[in-house]
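Asks: One letter stands for each residue in the lines below.
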Amino acid sequence: MNSRRVMLVVSGVLMLLAVTGQAQDQAGEAYTAPRTSFGHPDLQGIWQVVNAAVWNIQDHTAELGVPAGQSVVVGNEIPYRPSALVQREENYQNRLTADTEATCRMVGVPRITYMPYPFQIVQTPTQISILYEYAHTVRNIYLDSDHVEDPVERLWMGDSRGYWEGDTLVVDVIHFTDQTWLDRSGNYHSENLHVVERYTRTGPDHILYEVTIEDPEIFTETWQMRMPLYRRQEENARLLEYECYAYLEYSREE
Amino acid sequence: MRTQLLSRRMAASAAIITLLLPASSVFSQNWVAESVCPDNVPAVFHQCALEAVASFDPPRTAGGRPKLAGYWRLPNGDIGGAYEDLEEHGEGLDFSGGPAVIVDPPDGQIPMRAWAEARRGELPQRYIHHNAACFLSGVPNNMYHGEERQLLQTPDNLVILTGNTHTYRVVPLGPRPPVGDNIRLWEGVSSGRWEGDTLVIETTNQNAKSWLDQSGTFYTEDVHVTERLTLIDLDTIHYEATIDDPNVFTRHFTVVFPYRRNAVEGFEMPESACYENNEGLMELYRTVGVTPYPGISPEEAREAIEVQQ
Chain A
1 MNSRRVMLVV SGVLMLLAVT GQAQDQAGEA YTAPRTSFGH PDLQGIWQVV NAAVWNIQDH
61 TAELGVPAGQ SVVVGNEIPY RPSALVQREE NYQNRLTADT EATCRMVGVP RITYMPYPFQ
121 IVQTPTQISI LYEYAHTVRN IYLDSDHVED PVERLWMGDS RGYWEGDTLV VDVIHFTDQT
181 WLDRSGNYHS ENLHVVERYT RTGPDHILYE VTIEDPEIFT ETWQMRMPLY RRQEENARLL
241 EYECYAYLEY SREE
Chain B
1 MRTQLLSRRM AASAAIITLL LPASSVFSQN WVAESVCPDN VPAVFHQCAL EAVASFDPPR
61 TAGGRPKLAG YWRLPNGDIG GAYEDLEEHG EGLDFSGGPA VIVDPPDGQI PMRAWAEARR
121 GELPQRYIHH NAACFLSGVP NNMYHGEERQ LLQTPDNLVI LTGNTHTYRV VPLGPRPPVG
181 DNIRLWEGVS SGRWEGDTLV IETTNQNAKS WLDQSGTFYT EDVHVTERLT LIDLDTIHYE
241 ATIDDPNVFT RHFTVVFPYR RNAVEGFEMP ESACYENNEG LMELYRTVGV TPYPGISPEE
301 AREAIEVQQ
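For the protein sequence lines, the chains are A and B, in the order given.
Using this note's numbering, the first residue of the first sequence is number 1, and each one after it goes up by one.
Using this note's numbering, the first residue of the second sequence is number 1, and each one after it goes up by one.
It is possible that some hints are incorrect.
Here chain B is said to cover these stretches of chain A; the calculated rule only asks that three of the stretch's residues, wherever they fall, bring their Cβ under 8 Å from a Cβ of chain B [claimed, not checked]: (1) 113-124; (2) 138-145; (3) 154-160; (4) 163-175.
FYI, nobody ran anything at the bench for these hints, they're computed from the structure.
From a predicted model like this one, the values you see are computed outputs, not experimental measurements.
Even for Gly, the Cβ is constructed at its ideal location relative to N, Cα and C.
All chains, please: the whole structure from these sequences, using the hints.
Replies: See the structure below:
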């Protein structure tokens, strides 16, 4: 075998490795997650996103105080109904006051996941709780159980029901308020929002987070978001607090 | 004076409003009350529990630790009782009354320093109670604010989920790197360890912007809280918290509560959106010029002690 053929074979193998590596990472098939003591894939730990979705989930150029960012929306386009697009533009104009984050209220699902604060996943055989540093938000995801049929009140963080599909945690979330937005730029939803989240371990320190958004009142069809979650590596990593609303109240006195 | 009275009443009524959120109102009273120890008088419960625990072998996790996991309720929760005042108190405007929950010192009195006692009386007149502003309760107040609690137990952590204010505490059950002294948190920094069958939780780093009750029992950032959770029968936890802050108290003191297992079929912790729905009330507070309690620094407290002496 001459050196050129060796080079070709080596580069071919490398390409194959690169391609399969990518495919494995996206599908999460090649990696088998460690198990909890009760046999479920282990998602526990402190996680955080590293992206610019909190400002805008779509492709966007930088502006003062906002880093440029690439879309976490698969294909970048969000299929708004024409009337809803008008509202989305209005939201953008009013974003500094109309966004619930601007007044320190809860931010809904999936937005809480891509806020710039860590969150901790805790698992039991029947319940997965996600504790978020932002305004001590809590989500309790009940496994293999039914949604509340007729909630007394719409929920800021929705009603979350989960199940395991192989190594993937699938969470079905409904009963939302229409108060929250999907980012700081005014992407939004109605009370009819239906979110399906998929959490798949793709390595020791990564979870692939995939979201399907359905809301026939606002969008003409369902659409997806996708992003990795990164395990916080600091030896002293732990959740602290961002009690945003308290600082807001104290600031009014100054 | 009129403003003060109004604010006092508003603070109290706001606290009651907080209690009446759907979070705490969805149950019939269906919790386990069968127990070796009655729970109507904390001091009696405390003595009984200390004896009961000697002969009780609790159900255990795979790791051999007592199983604290589950839904728990405070009988008489926060409607009256300790939430109003840790000391024995009668019925009154905004108060439904209750016995002392202090078991040490034995007289059931909070060992306030003289300067602190004077200030304690003023605070509820001057400031909004932390829960009326939907702020967090701090430790241990959040352990007797609201009736509902869920404990999640993993080999690494005990997670305490609280119904009212919809919050959580994460208590690591093993050694963790320390948190810097300059980092101050509403819920503080907690670390847990097992002493026999008792879970002991030490908490520091609190920002001390909450009170221990509606009566203005305050503390400073120097506070050190030691909590002890012990199963005394299948459906009862003996909960004890010792509060130590020499800036405010002449000695440490200890409060005790029974946690009864919540046996409501299909119970789930509700979402309690407090601040999200509180704008009207906050606007009213702003109109009359009362503000959330800002806390008092340890330095200011120590100066007050010197002035007193």
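Asks: Holds or violated: the region 154-160 of chain A covered by chain B, criterion of 3 or more residues with Cβ-Cβ distance under 8 Å?
Replies: n = 3 at 8 Å, threshold three: holds.
Asks: Against chain B, does the region 113-124 of chain A show at least 3 residues with beta-carbon separation below 8 Å?
Replies: holds (count 4)
Asks: Can you take a look at whether the region 163-175 of chain A is actually covered by chain B? Rule is 3+ residues, C-beta closer than 8 Å.
Replies: violated (count 0)
Asks: Can you confirm whether chain B covers the region 138-145 of chain A, using C-beta to C-beta distances below 8 Å and requiring at least three such residues?
Replies: That given contact holds, which follows from 3 residues of the region 138-145 of chain A lying within Cβ reach (below 8 Å) of chain B.
The structure fails to meet hint 4 from the earlier list, while all remaining hints are met.
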